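*Asks:* Knowing the structure of chain A, use the given hints to seat chains B, C and D on it.
There are 4 protein chains.
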Amino acid sequence: MEPNVSVGDGLPPSAASCQSLGHFCGVAGVRSPEPVDIPRTLFYMLFSLQHRGQESCGIAWEEEGKWRSRRDMGMVAPALGRYVQECHLSSLGIGHVRYSTAGGSGIQNAQPIVVDCNKGRIALAHNGNISNGGELRNGLTAEGSIFQGTADSELILHAFSRSRKPDREGFLREALEPLEGAYSLAIMHEDALVAARDPSGFRPLYIGHSGSKTFVASETCALHALAPMDYREVEPGEVVIVDDAGERSFFLEPKRPPKRCVFELIYFARPDSEVFGRSVHAARVLLGEALADQDSSGLGADIVIPVPDSGNISAIGYARRSGLPFDFGLARSHYAGRSFTLPTKDQRELMVRLKLHAVPEVVSGKSVVMIDDSLVRGTTSRIIVNLLREAGAREVHVRLAAPELKWPCYYGIDIPDREQLISNRLDPEGIAREIGADSVRFLPVARLLEVLNGDRGFCSACFDGHHPFPLKPGRKDDR
Amino acid sequence: MEPNVSVGDGLPPSAASCQSLGHFCGVAGVRSPEPVDIPRTLFYMLFSLQHRGQESCGIAWEEEGKWRSRRDMGMVAPALGRYVQECHLSSLGIGHVRYSTAGGSGIQNAQPIVVDCNKGRIALAHNGNISNGGELRNGLTAEGSIFQGTADSELILHAFSRSRKPDREGFLREALEPLEGAYSLAIMHEDALVAARDPSGFRPLYIGHSGSKTFVASETCALHALAPMDYREVEPGEVVIVDDAGERSFFLEPKRPPKRCVFELIYFARPDSEVFGRSVHAARVLLGEALADQDSSGLGADIVIPVPDSGNISAIGYARRSGLPFDFGLARSHYAGRSFTLPTKDQRELMVRLKLHAVPEVVSGKSVVMIDDSLVRGTTSRIIVNLLREAGAREVHVRLAAPELKWPCYYGIDIPDREQLISNRLDPEGIAREIGADSVRFLPVARLLEVLNGDRGFCSACFDGHHPFPLKPGRKDDR
Amino acid sequence: MEPNVSVGDGLPPSAASCQSLGHFCGVAGVRSPEPVDIPRTLFYMLFSLQHRGQESCGIAWEEEGKWRSRRDMGMVAPALGRYVQECHLSSLGIGHVRYSTAGGSGIQNAQPIVVDCNKGRIALAHNGNISNGGELRNGLTAEGSIFQGTADSELILHAFSRSRKPDREGFLREALEPLEGAYSLAIMHEDALVAARDPSGFRPLYIGHSGSKTFVASETCALHALAPMDYREVEPGEVVIVDDAGERSFFLEPKRPPKRCVFELIYFARPDSEVFGRSVHAARVLLGEALADQDSSGLGADIVIPVPDSGNISAIGYARRSGLPFDFGLARSHYAGRSFTLPTKDQRELMVRLKLHAVPEVVSGKSVVMIDDSLVRGTTSRIIVNLLREAGAREVHVRLAAPELKWPCYYGIDIPDREQLISNRLDPEGIAREIGADSVRFLPVARLLEVLNGDRGFCSACFDGHHPFPLKPGRKDDR
Amino acid sequence: MEPNVSVGDGLPPSAASCQSLGHFCGVAGVRSPEPVDIPRTLFYMLFSLQHRGQESCGIAWEEEGKWRSRRDMGMVAPALGRYVQECHLSSLGIGHVRYSTAGGSGIQNAQPIVVDCNKGRIALAHNGNISNGGELRNGLTAEGSIFQGTADSELILHAFSRSRKPDREGFLREALEPLEGAYSLAIMHEDALVAARDPSGFRPLYIGHSGSKTFVASETCALHALAPMDYREVEPGEVVIVDDAGERSFFLEPKRPPKRCVFELIYFARPDSEVFGRSVHAARVLLGEALADQDSSGLGADIVIPVPDSGNISAIGYARRSGLPFDFGLARSHYAGRSFTLPTKDQRELMVRLKLHAVPEVVSGKSVVMIDDSLVRGTTSRIIVNLLREAGAREVHVRLAAPELKWPCYYGIDIPDREQLISNRLDPEGIAREIGADSVRFLPVARLLEVLNGDRGFCSACFDGHHPFPLKPGRKDDR
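Chains as they are written, first to last, in numbering that gives the first Met the number 0: chain A, 0 to 478; chain B, 0 to 478; chain C, 0 to 478; chain D, 0 to 478.
By construction, these hints were calculated from the structure, which means they are not laboratory data. You may find that some hints are simply not true.
Copies of one chain are not kept apart here, so a pair can be met inside one copy or by any two copies together.
[Stated by the list, open to error] Under the rule of at most 30 Å between Cα atoms (straight-line distance), these lysine-lysine pairs were calculated in the BS3-like manner:
no., residue 1, residue 2
1, Lys405, Lys254
2, Lys471, Lys65
3, Lys164, Lys212
4, Lys164, Lys405
5, Lys65, Lys254
None of these values were measured; they are calculated from a predicted model.
Next comes chain A alone, as it looks inside the complex (with noise of 0.2 Å):
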């Protein structure tokens, strides 16, 4: 992955451009029969998920029977933080981190959306994309329903409403079984906390306990950075519901191919996460090592640095598994990403400059195996590469530690348009050539998921185009 150059967080994301690949949400969820602080709880456990999402957060809790609910562009810490300077004794309480396309940006889309309905007081933090969203939605206007934004979070609160089923267990089924595509869901609904996975399984959910206590979180980072406790992954098609009656759960029809999203393992969660069941650390190991089993024929190389952070892990991977050494030839600043914008757009080698600085005592004469975990327009690499070659590297030979990135994704990730990609342009010598490296090597589909066990059921539709779902587009509000 290229890395974040931006200098420009906390900024709405057109002004922090450079954003390679964006992920689009992040959920939470607290239920606790003991009243204890828990928009506190959301704000640390939100805090720990906003690698999945810097453009908006948000926080709903009950309070003394009501419901209170905090929204705000930015980034969770200056967004929410003075929120939390108090003690809100609460039971229950769900968060939400987001990142959105350009399109859809604005505090209406942010999340949770708390709404008054025919079902009572619901809340929902949402993360995925429902692919059918645009036909969905088009039905439910027919009928008379409005739309106040642009998220498909809304579309199922409106399904909620619209369902005749009165009972919670049968208006979550209505509304949720004909949805097609991802979503990964923490609702507050009266005095439940409910946990509900899409039968693909495309984005992780995890469920944890502490005490009495119930915690939903996208990642078990979220569950972490509270105390250790145990957890599970909410299973593909598993709605779980916990309430004054205690926690139960149930399964989606129709049962579905798991189709995990295997971004979620190469890039977008945090290494001391585990999703889908495993550690992301332990998969990126393994494709470090991958892509060393490519170069086994010999590169003549001297030393394996990672693009920081985003290549450290696979980094690790191949050094061991082709016995060179693992030095850090690319250092990161501490202090980039910080509230500023650059004065012209030009200077984006600049902002890299700001970023990253090549480390002359380790590269300089040497031929320099680079990891990174892969690779979309390409420009932020060919800067990279140049600033090794600047500190005296003499080969430079890229490895990404996934497959060519050639397709757009229906289910959660925003991925630039096709003819951005530079693998949709050039192929791996053609890059090369551009980004000034002497070679560059991507790791194969079948390869990939073959080290991830690929039995187990991913979607590589971004790098293989086969897509579980295809998209429905309906009539769509244009803002």
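*Replies:* Just chains B, C and D now, kept in the frame of chain A:
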């Protein structure tokens, strides 16, 4: 009216809690066949309507076929100023300023609300209060509608969408006619600007024309801010539609007797505005004259001073009729009302001292007639009377250009709970004792209506309890 | 005075560039043998002196034997409010508000300046301008002094340190007596509060007592803001020292004829203040009456209106003497003057429209006498006269409660360059033509001084060019 | 080094109080005969030196013959970013980042300081600490100098001004030679850029050339950030002057044995920098190798992990020499360190949990060697060791790539009071018990110096108490 002693404007209302009476909203709209910079135009109009709501504000506009909107908490200049730095060519837009009751505060209630529904795209800005809103909301909820906020505006949009009449006039009629209470609306629907006013005409609404451009605003001051233009009142019950086919209007059924809010003339509207077809300034002079008539037997006073600025104009009327000299015995700081939270709440007296200053030269040794527009809780008046005494006033006679305020308003004014209203606790002599005045006198309701041509039809429910529409509560979301 | 049409207060002065006349500063000081919350007390005093300077502000105080200070750009409430949320027990402190000329803007010129020198710890807050400051600065620089800012205040501190007199009275005398020009000073020196005023008495300075506490302030309004108390003027040339040994004062040599700044009474001071031993309000009424006397042969006017708020009080005087009715023909927005940068500078007219509103009811069809305090560039007056015409005024007669402004001030007022002053370009008839008025009339200097008891000694150099001290420039740092 | 667990960067240091060791400053300077955008160039250089100081920052530059400066509290991007949006053509400028001890915080100590004096205009940026500063300050104060801040930098400027040598080399020599302690200076004097370094060479200083432009910076990373260029160390005791006459240098008397700060190599400098003529990265690898040599008898460990990022490079060295695998057992949040004040101080453990995450996959069931650069108070290390235990680590052996930290620094490092340093309270076994480690081991001073070529002359006073210059305190301003 007690002066607003807040030194915390720009903060959420809970911080600036000393606001005495709150007004719900102001609306604005622009349509121009020739694209112009409508966001900036709306900015100037909303700036001129700022006195009608300081909690949040927003604009929605068409731009190159897309609809865009910006809503934020706070005052017009800081909240929207940054969005109007660049020109946005547009042919249609509406705007809103909002003051909210404590319960309904928050960005989810900011307007305009923009929705996508089976009638197409609609944006709505609403001033008023629907007295059967709870009841209607219950009905809509039962049918499957979801409510994201607590404001009546969302209700109106649901009603548009639920209507089976496909044509614009049809669904407007079908949605609006069941509404009881107050609404002055600026609406965007596809290519049309719509202005609508409830049949009782509680809240003001004006329409103006300049060249081919059409403007809608709560008060004429928002039109004057742009340029001299022709304007007229949108009549009670009138709905004006301006689209590519031109401008036309129809009237809602049933016709009702007009119930113009008398408090608009007493306090809310800006003195340079016309509302309800009459000059606000002129009305206030008449009220001051009527007050003087009540004291015609002689108070032995030396001087008439207003509480700035709410008592300014009535004081002019009082002075003219009584023959007593008018003077500025209280000065007002230009710098109060800025962002600042006073350390402790018990420093209310200090807050008033920072905001208002008695001028010893004017009042020392004098018997003073102090004119204000109305009396709510009486706390600020007590402090002001004390300031005058400290500055040497021999006698202080408080005269209010309104009747005793005793009842709630269901049509868009935020009046404190009945037990907080000083006129529900005390008679004028008791009030005089409590605030330290030598005498206190109000204007009787009958006299008020007589002065203002009562046959034109005013609502004076907050003074006399004669509510044209009783409140019909529904199950309300408790946010 | 033309109204301040800025809608950008709180911004640096370059952004809020339409301020017509600027005042340099206001000072405050408190000493209490019993420790009290002096930072908060100074906050309230500076808030009341905000009209004397809006660019930067600061406070310095003793706390537990240490000296602390806070200085920041901007208005008192946002800049200092956060520092007074908690109580800081203290026995001594001073404060300052500053308006600066364009060149000297910046935090390095904010006051109070706190220094450590051979006289111990000294903090200084200065209102005025030293006309031989450049010359003295050259001398000190030659001896090895370094200057970090461009303000005269630093010069005074250097002079204290350079003095060989070790005792407080000694070094104060030695440092202050060579100064020419204007200074009203609040000084902390070790345990003492010192108030000092130049022998000409250009700028006002008051001292008040409440219990064992001593207060120093530029105007009495800063004392009234706290509590009723006894106060007196610090005399021209007087230096008052308050320390553990009690309060005493001495007079600087040589004695000079008093040269009180007449503009303080005309415009700068707050109307509820006393400055130079007389009520500001009373002075302005007298000026209005004198204006009316000039028109005694009859204008045939119908009504007298002030430009709010600068013309308010003189308009009262004019109306009383002329017998014409006083009314509010111009309304002023309470919400202008907030943080907002207008998109383009050529929208000055729009800025005035947002700030001031003509009231058609008052002026339509009338011959209007419009009273303002003075005329600087004339640009705003032109717009206001046009507003009155648009609202239907038949005739507009502009009357200024001051002479024609023609000269610079070397003693603390920021007057635009001579070529920008309309009275240097045009005679009253020419001005009337340029601003679109039917007539324009000023108050002659002789009449002004006569009205204000000229024998008391006023400086009217900005009107007549008779500068008590010529400017003696030195080599100035060109920041 | 314990990781900085602050989640409050950007706030004043009192809020972000968990910083373990502080560095005083970084300096930068640019001179270009051809005017270029020097403020922006300095911005990029200071951005690259941000790790040397986060409390305040500033730039001063020549522009069209005038000197301008901007100083503000906080980080480079938010504090200075807005000033570099527009181009400022300039031929000369300097900049500074500052970290301050608790006492001397505040804008009055921000640099560069710009003064006007008998040598003309001088601006100064200083990194270091003058150990006889108090004494010299007393002397200058006695002669009449005034001090506005507590920083030594003001002292140096006074000394320039007091010198009777009129020529540049003369007054530089006369002012600098009496100074004891540490200083690396970037100075603007009229048309000249001056770089000066104390004869002991405590702090690094580099000079680089690119075309006709000259650059000065504390570390080479600030030069690399701009472009590849030639550079060299400014030698201990060397003063380089670059003016219209070209570049020349002289050496201060007396010559002294070099005393380079060893902590620059251990922790402060950026790994991609060269300081003291050697690669920081290479030095840290050597320290890690030396640590491994100490454990050569065998620990039975399974894995080597760094505390990111301070232990990264030494961990590489340890892993290589020991043959143990290197891995990322601790992950670091990219989003911590943003503006956020944690509700209560006792949540330090939670703060570390938000910042650092143990990776179970890596450490579970393992005996772990955890490498950090040094140990200050030990509180954070205790929490980290506990994180590793929670993640399943069987044994945790803590290795520090530095000796035991026991003494204060008088030359520019902010070390906590002696009683807070864990190595003054406990021996390694005691430390191991307190932080919950199975063992703790440091690098002896002799070995450290041997590894780093001690004959080159290092200061290791913070480890061994051998201070080259004792502290000579004077009467200090107690702010």
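*Asks:* Confirm or reject each hint.
*Replies:* Evaluation of the provided hints:
In this homomeric assembly, Lys405 and Lys254 come within 30 Å of each other (Cα to Cα) only inside a single copy, at 29 Å, whereas the closest approach across copies is 64 Å. Taking the closest pair of Cα atoms, Lys471 and Lys65 come within 30 Å of each other only across two copies (22 Å); inside a single copy the shortest separation is 38 Å, beyond that limit. Taking CA atoms no more than 30 Å apart as the test, Lys164 paired with Lys212 passes inside one copy only; the shortest distance there is 29 Å, against 51 Å between copies. For the identical chains of this complex, Lys164 and Lys405 are neighbours neither inside a copy (43 Å) nor across copies (47 Å), given an alpha-carbon limit of 30 Å.
Proximity of Lys65 to Lys254 under the C-alpha cut-off of 30 Å is found in neither arrangement, the shortest distances being 37 Å within a copy and 40 Å between copies.
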